[in-house]
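Student: Starting from the known structure of chain A, fit chain B onto it as the hints suggest.
Going down the list, the sequences are from chains A and B.
Position one of the first sequence corresponds to residue 0 (numbering that gives the first Met the number 0), numbered consecutively onward.
Position one of the second sequence corresponds to residue 0 (numbering that gives the first Met the number 0), numbered consecutively onward.
Hints are computed from structural coordinates only; laboratory data are not their basis.
No copy labels: a pair is met if it fits in one copy or bridges any two.
Here are the simulated EDC-like pairs of lysine to aspartate or glutamate, each with C-alpha atoms no more than 16 Å apart in a straight line:
(1) K60 <-> E120
(2) K106 <-> D425
(3) K419 <-> D102
(4) K422 <-> E454
(5) K347 <-> E99
(6) K37 <-> D155
(7) K13 <-> D77
There are 2 protein chains.
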Amino acid sequence: MAKKQKSFRPKARKPRGFTDRFGTEILAEQVMFAKIQKVYAMYGFDPLETPAFEFTDALGKFLPDVDRPGQGVFSLQDDDEQWMSLRYDLTAPLARFVAENYDALPKPFRRYQVGRVWRNEKPGPGRFREFTQVDADIVGAPAPFADAEICMMFADAVEAAGVPRGDYVVRVSDRKTVNGMLEVAGLAGDDAADQRLGVLRAMDKLDRLGEAGVRQLLGKGRKDDSGDYTDGVNLSDGQADVVMAFMAATKDSNAATCAALRNIVGKSNTGLEGVTTLERMAETLAALSYDASRVQIDLSIVRGLEYYTGPVFEADFTFEVEDDKGRPIQFGSIGGGGRYDDLVKRFKGVEVPAVGVSIGVSRLIAALQTRTGATLIERGPVVVLALDKDQTPEYQKMAAELRAAGIRAEAYIGGANFGKQIKYADKRRAPVAIIQGEDERAKGEVTIKDLVLGETLSAEITDNKEWREDQPAQFAVPRDKLVEAVKQVLAR
Amino acid sequence: MAKKQKSFRPKARKPRGFTDRFGTEILAEQVMFAKIQKVYAMYGFDPLETPAFEFTDALGKFLPDVDRPGQGVFSLQDDDEQWMSLRYDLTAPLARFVAENYDALPKPFRRYQVGRVWRNEKPGPGRFREFTQVDADIVGAPAPFADAEICMMFADAVEAAGVPRGDYVVRVSDRKTVNGMLEVAGLAGDDAADQRLGVLRAMDKLDRLGEAGVRQLLGKGRKDDSGDYTDGVNLSDGQADVVMAFMAATKDSNAATCAALRNIVGKSNTGLEGVTTLERMAETLAALSYDASRVQIDLSIVRGLEYYTGPVFEADFTFEVEDDKGRPIQFGSIGGGGRYDDLVKRFKGVEVPAVGVSIGVSRLIAALQTRTGATLIERGPVVVLALDKDQTPEYQKMAAELRAAGIRAEAYIGGANFGKQIKYADKRRAPVAIIQGEDERAKGEVTIKDLVLGETLSAEITDNKEWREDQPAQFAVPRDKLVEAVKQVLAR
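The following block holds chain A by itself, in its conformation from the complex:
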């Protein structure tokens, strides 16, 4: 870094992995936040805000055996040498908050939180180091009813955000059924830890490789089209049969899935606990008419299984969209969550049951835009041109009159000629420009220029002469009819 001198001029740039956002993108997100928050509030959830900083030990982000924070979080030392880190999610701060205020809180405690989180990771395209999460959690309520509620609320929130029923599905599995399946397959021992991980990884590839590919990965291994070889988990055929049967137990009806699942994992106590939870969830979902087209028990869900302690869920889009070249676009999941009964335990020493869900709003907006082909470009304010700078107070008064009538409006400020001011109005995507030069003022008139119609006409009319003569997109009205005339143009 250059030594700073008096003439030092910093470069205007942002740190890697951070971004600016402007205008309609923010407005669209605000609207979506509001819709999701409304659903959460209706379910009895209240908003919580926690600080950006937490003590690093409270986040559990110290490296083992050293007093320095690990990678992945932004950390610094406070005046008193204590390490603080910026929160990397909203769940760890919730655990700290609950532990700190445990006795005062109503239990179960339902809260939602909209907040920025920071990840000190390698940035990439569309992969930022700062983003917003929208979380809802129930702390202090055990499975299965709280989990069913979160799944139904998740589905409601996705629909409220604008995803039509049928275009998404909330998929549910349970950590304990997977553990039970691994037990039945003889993979419960400490010596089988690597194999268990390998099985989860293979299961996660069902969508991409199909059943045959997963079976190869469970067995000796798999050579892909490029000739690359992936080592297998080396399960016996019998063991692989259990894994494959487990995944194949996913049916179109949740009750049928539970019945098939009970046959596979019922011999394991852990598996039995898991299947019982899913059965009770399925009953609740059925009682409230959330069938498998909205919330489906799907045993191929692997995501987050290592973090969660019970039910896990994620919401995915069920439609496919192609990019310009006809290739399917992958949106990834809309969000997900699950049960984490031991997070507050880190502080309290006692287990506090908790279950929650997190939605990625920017991904949701991107997917909806692609799906509907809708663009977010909104019209800007009405712009009152300031052709005679000395008359600016009068131009500002026109803008104020429009605003008083509920119309976004601004007066141009600064010295610029007519052409530049019209270009400015175009750049602002103004629907209407108001013009009052010397002539109009003498006559007590203003000219209303319909820029939307103007755009259409200039696309249609190729004859420049015809355009100039007609100017159908602009007309003069008496000064005191300004607001009325603009209203009429905007209503077109």
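Tutor: Just chain B, lined up with the frame of chain A:
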């Protein structure tokens, strides 16, 4: 810090100067943000979001002659050793954004931003190291019209936030009139820098010390009631006369203030520039009917004069509120701003005119609550008790029916007896509890318990027996009349 072992249990606590906020406080702030943003949007402003982190050099926060960030900001080094800092306001990031995107932006560029900022300062009561700012700025427009617009918008925003007209005033001064006054008083030279600062400090004490006290500070010095002595600025009587006349030039009408001001500072070129700006602002304000009761030219404003380059303004409450002991409560200012023509210059090398305003929303809420005596406590959701845990899906269904009718509702989740669940409903400030035990279920009924009426009655009825017998606050209805009955109770 203790070495971390397997059994390490972190204490649930927050770093100093940071806070959690929950529930109605956040909702009140959201409502206020929305109202202020709506005003800004009506004036043609669009929202901007910038990252929490900026390069430290872009914030201008390096210590002179060393490559380490100064105090006051939270800073850390990125992987590539570059120093980043969390933004301490929203103006420095705006300058960086404008410099980075200068050619693409419409000019003037109007943006508002709601965002967290961080100050690495000593925390105190009500003084946090993280808070939210609501800013609006116009970049690329010179004085005076942009400044007048910002002042009017500021007044509109304060009113939209709920402060009645008459309860606040936006006070306006201009850096250049002060500089002109100092010039007229013979304090323009490099050797008078300390005296200039002393004059500004003395002016800032007009409210507290009155004219006589300020005059003492401008002269030899002042002994306060406790006997402590403050050194004076050692101005001659003639010099002090200029300063006192300057402050006394503030009149009830902006035009009168400008006329008085012109007499005092008109001999200085800088002063003349300043007074001309204020005159044009006064004309605009008058044309748009913002008289001195809303936006007043007030030459005693000192705050921020050193940072700004032209007009400065701040909004203050005009009412006095007393605390429990009858002492006046000081709310401080609602917010303020001014013109800073050289902020983007740091990047671009050329001057870019800019003017903006910042509102402190939490202070505004605190003041409004004190003023109106209103409390923010809102009712919570309707709580459906779960007396028979096995019936939870049915209880959840009742809650879902209420939500479908637009009523916030939740079913109790978890095993607890009747008393505990009623206590939970009270803690949640539920307006209504729904009860269906075995008896009610057998009869196809539910009991509606009006907790609001219940509170009132239990305050009035002292006879426990009478209370139990009457129970006027609860009644049974057929199951299919649940929603209707709750609606009626809520409408009470």
